[in-house]
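Protein chains in written order, with my numbering: chain A, 1 to 132; chain B, 1 to 67.
Be a bit skeptical, because a hint or two may be false.
[As the list claims (entries may be wrong)] Listed next, with one range per pair, are the computed distances between beta-carbon atoms:
| no. | chain 1 | residue 1 | chain 2 | residue 2 | range |
| --- | --- | --- | --- | --- | --- |
| 1 | B | Ala11 | A | Ser32 | 17 to 27 Å |
| 2 | B | Val7 | A | Asp62 | 49 to 59 Å |
| 3 | B | Lys5 | A | Arg110 | 49 to 59 Å |
| 4 | A | Ala113 | B | Ala13 | 33 to 43 Å |
| 5 | A | Gly63 | B | Val7 | 13 to 23 Å |
| 6 | B | Val20 | A | Ser84 | 16 to 26 Å |
| 7 | B | Asp38 | A | Gly29 | 55 to 65 Å |
| 8 | B | Asp38 | A | Ala113 | 31 to 41 Å |
| 9 | A | Ser84 | B | Ala14 | 20 to 30 Å |
| 10 | A | Gln65 | B | Arg31 | 20 to 30 Å |
| 11 | B | Leu16 | A | Glu45 | 42 to 52 Å |
| 12 | A | Asp28 | B | Arg29 | 30 to 40 Å |
| 13 | B | Phe6 | A | Arg59 | 50 to 60 Å |
| 14 | B | Val7 | A | Glu45 | 28 to 38 Å |
[Said to hold, decoys possible] Selected chain B positions facing chain A (Cβ under 7 Å, derived; list incomplete):
| no. | residue |
| --- | --- |
| 15 | Leu12 |
| 16 | Leu16 |
| 17 | Val20 |
| 18 | Val61 |
| 19 | Leu62 |
Worth flagging that the hints you see were computed from the coordinates, not collected in a lab.
Computed from a predicted structure; not experimentally measured.
A virtual CB, placed ideally from N, CA and C, is assigned to each residue, including glycine.
Each chain, letter by letter, is given below.
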Amino acid sequence: MCRRVDAAQALSELTALSAQITSAIVVDGDGSAIASTFDESSAAELAKTVQELVAAAGRAGDGRQVAQLEVSTSAGSVFLVRESERTIAATTRPEPAAGLVFYDLKTTLRSIADQAKPKPKARKKAEADAAA
Amino acid sequence: MPRRKFVTGLALAASLAGAVLFRRRSRGRDRVDLYYDDGSTLSLGDGSPEASIVLPLARRVLAAATS
Numbered sequence: 001m002c003r004r005v006d007a008a009q010a011l012s013e014l015t016a017l018s019a020q021i022t023s024a025i026v027v028d029g030d031g032s033a034i035a036s037t038f039d040e041s042s043a044a045e046l047a048k049t050v051q052e053l054v055a056a057a058g059r060a061g062d063g064r065q066v067a068q069l070e071v072s073t074s075a076g077s078v079f080l081v082r083e084s085e086r087t088i089a090a091t092t093r094p095e096p097a098a099g100l101v102f103y104d105l106k107t108t109l110r111s112i113a114d115q116a117k118p119k120p121k122a123r124k125k126a127e128a129d130a131a132a
Numbered sequence: 001m002p003r004r005k006f007v008t009g010l011a012l013a014a015s016l017a018g019a020v021l022f023r024r025r026s027r028g029r030d031r032v033d034l035y036y037d038d039g040s041t042l043s044l045g046d047g048s049p050e051a052s053i054v055l056p057l058a059r060r061v062l063a064a065a066t067s
């Protein structure tokens, strides 16, 4: 639950800081939405579409794994970044600065991954002395 | 001298019109850019069969964002 709240916070900061990004969703490897700027029912549906988008991009590349994707249309653009099992997808206004959007998405995805990692426990002094 | 000015003005007007036309035409086209894990990239135009699979899914995402 805490992980989802942190991810939601990261997405809220992303859409607040980027003038170009209008919405975003983070999808886990099992196809579930970790966080999104959409309501819960739309997010579940959209997570499936994002998974389909990743699969379609893989088929277009003869089975290669897609790392990034940009689809530009006159109505706006869709960006997608994949790292390990997680995918972040975002929509933007037409003609965005693609490099900046990719940078923002990668940074957000990494911050969510860092939050998910458990912090290493501090070793007791006696254990540390024994090891030394 | 006036002829030289006329030719320069004409060239400037033509290049400006060309730039505007190019921008308008490229704006109307849908495009898919794919970047793969192995470092390769693939750009697909609106008419390609691969783009015809990817584009409807992306439009669905865009529609959800605007609704």
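Hinted contact Leu16/B with chain A - closest CB pair below 7 Å: violated, 19 Å
Range hint compliance [Cβ, Asp38/B to Ala113/A, 31 to 41 Å]: For Ala113/A against Asp38/B, whose Cβ atoms are near 22 Å apart, the range 31 to 41 Å is violated.
Cβ separation of Val20/B and Ser84/A, checked against the hinted range 16 to 26 Å: violated, 44 Å
Cβ distance range 55 to 65 Å for Asp38/B and Gly29/A, holds or violated: Distance hint for Asp38/B, Gly29/A is violated at roughly 20 Å.
C-beta pair Gly63/A, Val7/B: status relative to the range 13 to 23 Å that was hinted: violated, 56 Å
Hint check for Arg59/A and Phe6/B - Cβ pair distance inside 50 to 60 Å: holds, 56 Å
Restraint check, 7 Å cut-off on beta carbons, for Leu62/B near chain A: Holds. Min distance 5 Å.
Verdict for Gln65/A, Arg31/B (Cβ pair) under range 20 to 30 Å: Holds, since Gln65/A and Arg31/B (Cβ atoms, about 21 Å apart) stay within the stated range.
Satisfaction of the Leu12/B interface hint, Cβ to chain A closer than 7 Å: The hint is violated - Leu12/B has no Cβ within 7 Å of chain A, the shortest such distance being about 25 Å.
Verdict for Asp28/A, Arg29/B (Cβ pair) under range 30 to 40 Å: holds, 34 Å
Supplied distance hint 20 to 30 Å, evaluated on CB atoms of Ser84/A and Ala14/B: violated, 52 Å
C-beta pair Val7/B, Glu45/A: status relative to the range 28 to 38 Å that was hinted: violated, 60 Å
Of the hints listed earlier, those the structure fails to meet are numbers 1, 4, 5, 6, 7, 8, 9, 14, 15, 16, 17, in rising order.
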